[in-house]
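As a plain string of letters, each chain reads:
2 protein chains.
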Amino acid sequence: MLQEIRVFAPATISNIGCGFDIMGFAVEEPGDQIVLKISNKKGVRITSIKGDNGKLPYAPEKNTAGAPIISMLKKYAPSLGIEIEIDKKMPFGSGLGSSAASAVAGAFAMNKLLELNLSPYELLPFALEGEVIASGSIHADNVAPSLYGGFTLIRDYNPIDIIKIECPDNLFCSILHPNIEISTKEAREILPKEITLSNAITQWGNCSGLVAGLLMNDFSLIGRSIKDVVVEPYRAKLIPGYYQIQKAAVEAGALGCNISGSGPSIFALSKGKESAQKVGEAMLKKLYDSKIEGQLYISPINKQGPKVIYSK
Amino acid sequence: MLQEIRVFAPATISNIGCGFDIMGFAVEEPGDQIVLKISNKKGVRITSIKGDNGKLPYAPEKNTAGAPIISMLKKYAPSLGIEIEIDKKMPFGSGLGSSAASAVAGAFAMNKLLELNLSPYELLPFALEGEVIASGSIHADNVAPSLYGGFTLIRDYNPIDIIKIECPDNLFCSILHPNIEISTKEAREILPKEITLSNAITQWGNCSGLVAGLLMNDFSLIGRSIKDVVVEPYRAKLIPGYYQIQKAAVEAGALGCNISGSGPSIFALSKGKESAQKVGEAMLKKLYDSKIEGQLYISPINKQGPKVIYSK
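Residue numbers (the numbering used here), protein chains in the order written: chain A, 16 to 327; chain B, 16 to 327.
What the hints contain is simulated information worked out from the structure, not anything from laboratory work.
Hints are supplied without guarantee of correctness; some may be wrong.
If several chains are the same, the list does not tell them apart, and a pair holds so long as it fits within one copy or across any two.
Said to hold, decoys possible - Listed below are the simulated EDC-like cross-link pairs for lysine to aspartate or glutamate, each with C-alpha atoms no more than 16 Å apart in a straight line:
1. 242 <-> 171
2. 242 <-> 44
3. 90 <-> 100
4. 288 <-> 102
5. 242 <-> 176
6. 208 <-> 19
7. 208 <-> 247
8. 322 <-> 102
9. 208 <-> 98
10. 262 <-> 137
11. 252 <-> 184
12. 56 <-> 19
13. 127 <-> 204
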């Protein structure tokens, strides 16, 4: 039996412009890592948390990585003990699915450590337990892409229906994380409860176009479809200089650029790594014009989801 | 130079449940036919209209097939004369894109007769001129699939962005046309101007799922995605026994069943012709239970759009 494992779970871009609450994709960088060790002492303990500036709880049942581990241990190996080390390697409150990545890392690590051979679909409920602790509600649009890898569509929540959408190989993402804080709760509360039928039609045209573009390897169509007439007008106000950054990305060659999840991170998709680098630098430069610091990530699409870094 | 041509343009199912105003597909049956003949007398004349019960105008500029022909003649061969025979082989006011089929037949026939080699994209504005005469506004969700064949997505109207979506070979359609009349105008006016964000999200999840299902040859996903929480609740009321017919279709094995366009026709998609036949018969039986007569069509998906029947 394995005694120790270190895993990585990817950050995720949810919404992708057009697909509010139903679409997302995973990136290779950034992401979270956790280490699990079999312990002689029954139950689950978090022994170390790095990279969180002291913000995350050590009580495992209150921790997004801890909660799925508690549930899985209870169900599959109640006589064992597990020690957790959490290594946050990405900003949180960033709109990049930080809590989802931790929850997925926990569920995936348990699956590998205990050699359970559960499918992503079987792991999903456990990972969602962690996400609920962080966000207070069931939203799978970050958990699903982090767990499945690639682009995912949540067609329905009742029952949950997740579809993995293949994408072109040469698609790269530029992610700009401005160092400002946005409350996910506030970003959700500012949204209207009703929208015009006309805007809804535009949005479902773009969602359909994005799925078609991904599956047909049509980069131009992917770019034309990354538009948002429903959510962006509200959330853009929370990000200083957002429209200037978006404009700079498109002028530098991005296929499309929009807000990642509830922000403040901004993502752009490009054809090829070189283009993504150029786009990212243009975005970062425009952010500096607003006197705001930030981090830039350039990453291919993560197609496999979480992975084992080592096990022994 | 050709002297005479007979063409067929397919009927179309718009909306497809989830994709109000943006999606549609073409069928092999029913459809419209028109004959064009080069005449010594300059200008455009309609010499015969069959199958319309006297409802269609002979003045070519007021006729959906005539209008595109007038425009194309003016632009490409102003010195010629054209005689038109219209052979309506499908019900109109049926929700099956009857006027779109006539407009497409007109534009397509001119393209072939004059050997213009225009692409579907280049023919689109001419066909839309005909559709505008019938419906009073620019809606391409029937014209596009009739002209392109297969499944089409209208991602945007401004500028118009039409994407043809490949579909599985073994997909068949059952179409039930109840002999009742619904005004397209009324069917549009009963729709709300605003919808809940929650319903909009459900709808764009299903639109995305339908496109994914078609491109991934996933029949089950196609079926799960043919749902409508936005338009169906309003338009179902205009079709007596609609929900019973839909239930009968699904119980007989249909992947999905919904209202075609603004109704009253009802379509169901099935895997294989035999299944589509069984589904269609179950739908027709249920219609008879409501003491309403109707026509049933069982058809493969039309993948090529309009076609030449003969030319000389």
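Problem - Violated hints, by number in ascending order, as checked against the structure - result: 2, 3, 4, 6, 9, 10, 11, 13
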